[in-house]
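Same order as they appear, the protein sequences are chains X and E. Just so you know, we're using numbering that gives the first Met the number 0 here: the first sequence kicks off at 0 and counts up by one. Just so you know, we're using numbering that gives the first Met the number 0 here: the second sequence kicks off at 0 and counts up by one.
It should be emphasised that the hints constitute simulated quantities derived from the structure, not laboratory data. Treat the hints with caution; some may be incorrect.
Just so you know, same-sequence chains aren't split out, so a pair can sit in one copy or run between any two.
Subject to a maximum C-alpha distance of 25 Å in a straight line, what follows is the list of computed PhoX-like cross-link-like pairs (lysine-lysine) [stated by the list, open to error]:
1) K140 x K119
2) K140 x K291
3) K307 x K42
4) K309 x K63
5) K193 x K294
6) K140 x K27
7) K193 x K291
8) K194 x K307
9) K140 x K23
10) K257 x K28
11) K140 x K25
12) K307 x K290
13) K27 x K257
14) K63 x K119
15) K27 x K119
16) K140 x K28
17) K193 x K298
18) K194 x K298
19) K294 x K307
20) K42 x K194
21) K256 x K245
2 protein chains.
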Amino acid sequence: MWQDYPELAKQLTTTLYLMEDVVKLKNKKVEHAVLEMIHAGGKLLRPAYQLLFAEFGPEQDQKKATSLAAAIEMLHTATLIHDDIVDDSTLRRGLPTIRSTFGNDTAVYAGDYLFICCFKLLSDYATSLRSLQLNSRSMEKILDGELGQMDDRYRTDQTIEDYLENISGKTAELFSLSCFAGAFESGSSERFAKKAGEIGHNIGIAFQIMDDLLDYQADAATLGKPVLEDVRQGVYSLPLIYALKKDPARLLPYLEKKDQMSDADTAAVQQLVIELGGAAFTQDLAADYTKKALKDIRKLPTNERGTKEKLERLTSQILTRRS
Amino acid sequence: MWQDYPELAKQLTTTLYLMEDVVKLKNKKVEHAVLEMIHAGGKLLRPAYQLLFAEFGPEQDQKKATSLAAAIEMLHTATLIHDDIVDDSTLRRGLPTIRSTFGNDTAVYAGDYLFICCFKLLSDYATSLRSLQLNSRSMEKILDGELGQMDDRYRTDQTIEDYLENISGKTAELFSLSCFAGAFESGSSERFAKKAGEIGHNIGIAFQIMDDLLDYQADAATLGKPVLEDVRQGVYSLPLIYALKKDPARLLPYLEKKDQMSDADTAAVQQLVIELGGAAFTQDLAADYTKKALKDIRKLPTNERGTKEKLERLTSQILTRRS
Numbered sequence: 000m001w002q003d004y005p006e007l008a009k010q011l012t013t014t015l016y017l018m019e020d021v022v023k024l025k026n027k028k029v030e031h032a033v034l035e036m037i038h039a040g041g042k043l044l045r046p047a048y049q050l051l052f053a054e055f056g057p058e059q060d061q062k063k064a065t066s067l068a069a070a071i072e073m074l075h076t077a078t079l080i081h082d083d084i085v086d087d088s089t090l091r092r093g094l095p096t097i098r099s100t101f102g103n104d105t106a107v108y109a110g111d112y113l114f115i116c117c118f119k120l121l122s123d124y125a126t127s128l129r130s131l132q133l134n135s136r137s138m139e140k141i142l143d144g145e146l147g148q149m150d151d152r153y154r155t156d157q158t159i160e161d162y163l164e165n166i167s168g169k170t171a172e173l174f175s176l177s178c179f180a181g182a183f184e185s186g187s188s189e190r191f192a193k194k195a196g197e198i199g200h201n202i203g204i205a206f207q208i209m210d211d212l213l214d215y216q217a218d219a220a221t222l223g224k225p226v227l228e229d230v231r232q233g234v235y236s237l238p239l240i241y242a243l244k245k246d247p248a249r250l251l252p253y254l255e256k257k258d259q260m261s262d263a264d265t266a267a268v269q270q271l272v273i274e275l276g277g278a279a280f281t282q283d284l285a286a287d288y289t290k291k292a293l294k295d296i297r298k299l300p301t302n303e304r305g306t307k308e309k310l311e312r313l314t315s316q317i318l319t320r321r322s
Numbered sequence: 000m001w002q003d004y005p006e007l008a009k010q011l012t013t014t015l016y017l018m019e020d021v022v023k024l025k026n027k028k029v030e031h032a033v034l035e036m037i038h039a040g041g042k043l044l045r046p047a048y049q050l051l052f053a054e055f056g057p058e059q060d061q062k063k064a065t066s067l068a069a070a071i072e073m074l075h076t077a078t079l080i081h082d083d084i085v086d087d088s089t090l091r092r093g094l095p096t097i098r099s100t101f102g103n104d105t106a107v108y109a110g111d112y113l114f115i116c117c118f119k120l121l122s123d124y125a126t127s128l129r130s131l132q133l134n135s136r137s138m139e140k141i142l143d144g145e146l147g148q149m150d151d152r153y154r155t156d157q158t159i160e161d162y163l164e165n166i167s168g169k170t171a172e173l174f175s176l177s178c179f180a181g182a183f184e185s186g187s188s189e190r191f192a193k194k195a196g197e198i199g200h201n202i203g204i205a206f207q208i209m210d211d212l213l214d215y216q217a218d219a220a221t222l223g224k225p226v227l228e229d230v231r232q233g234v235y236s237l238p239l240i241y242a243l244k245k246d247p248a249r250l251l252p253y254l255e256k257k258d259q260m261s262d263a264d265t266a267a268v269q270q271l272v273i274e275l276g277g278a279a280f281t282q283d284l285a286a287d288y289t290k291k292a293l294k295d296i297r298k299l300p301t302n303e304r305g306t307k308e309k310l311e312r313l314t315s316q317i318l319t320r321r322s
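Chain X with its partners taken away, still in its complex shape (with noise of 0.2 Å):
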């Protein structure tokens, strides 16, 4: 994917180092499962919109950059090792998931270890409190996204608002604040990087709609992991969310069955989704929330180093990916 980037690579390759290289436990165990977390690479989107930004401030810090980089990075795994547990998936980047390989106990604490990771880095590399100021009312954010997904597991009454406003904590804060915290702690003004970090909401929430179209559109093992078993797990998207307000009748009878769905109940549901216009509609209004991105994109200023390209390449490769 990064191959098309050679100078972003090998910043996102150190990033990596820098991650494998903050983990150190005695417990061997916890940290082998922290480390293979790690390898099995997730893509790397949120250091590299960081990275990206932090290109057009008057500061160039390379080992600052790829730092707090990898503190973003550090703070997303641990909120996918936390959500495993909730969730209880199995499967996550086609490995089995920690919780499933060493217990919750494990993974409870391997999340936290990588929570303190994050603060570690961020307090080492930050420039002042006030960028940790922020980073701590978006982990609040996202949190709060989190347990709003949660809260909403199994209603069948959401509205599109509700799935935004979910979404715009879980998903897309993170991408705020890879954006904002690149320009920031670059050195750019507090005015510029907010506009960052509004281009990384817009890009945050098309890209959780298209990861949420792409449980519909895909089979088992393309997707790494079990079709809709999120849907099986209560949790509604907005595929799903829309082809309810269509036609709610000959949805709720699979729904009803809750974690009880079979295999061919899911089928069933991913089927009536399309036939309704769920896809549909989803895929429109990720292409919308794109635009808005990649207009601002298109107005931020020209560099040697191409970085608005760049990042107009970027963001419109992802979003429009199909798998």
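Got chain X sorted already, so can you dock chain E onto it with the hints?
Relative to chain X, chain E alone:
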């Protein structure tokens, strides 16, 4: 407990208010769970030590001191909530644990939320990034201690050194941080603050040893949780480690049953440990650490508020408690 320390009692009440005030979640179920846990009222020893050591510094800022005390108590509460998941605990402070009332999923996020609240208070009220760096190092040590204890579960070959290393992290570190931060954040020199941290370390070790001793002396009603429940979960503390060394043959048949130990088994283990001198040895070691702490407290400077005398009285009091 705090009636003999009227000024401190007032500050601790403020600390509790501040803790309540910072907890603001859309998810009212989790908000309620967290507030209930705060209300259930721990002893507030860590904030008490922090507030007392804050009396030594040249900068007397009540709002700051109580806010940082609230941060430390929030961190403590967060670790308790997650420990209860790891240990499958049903009771805490005489009340059902969050995990037993609301499930592991809520407990994971509730603990995470309190970590974030701690971080928020720290970044809002600490004087410098240096404080946050030290804080994150402490958090790492705490987690390493907890992980160490988890890793040593059901290990019958644990040494007294292993035990001391684990409690240094899981308990003493936070007492140490409280005393350090109290001194440092009120403008005392880092040298003085480190001395305060050492005193806190010894108090913390003595406190945990006493806590572990009480498990062998009290009954379920007094403790607010089942007797030797920890042993059933594989957590072997000093009295048992000592007794195991003295006469493994008598103890091992019980311990080999692991989590299948009956109430009669745990009662037998309790009896055996006392017979073999485990409780007496433990009492002596706690007394050693208490003496060390008191000796160093007596060397502290005197002031008009009688801080030194309060520290001496409080420390004697909690380390000779019977429940």
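Looking back at the hints listed earlier, which ones does the structure fail to meet?
Failing hints: none at all.
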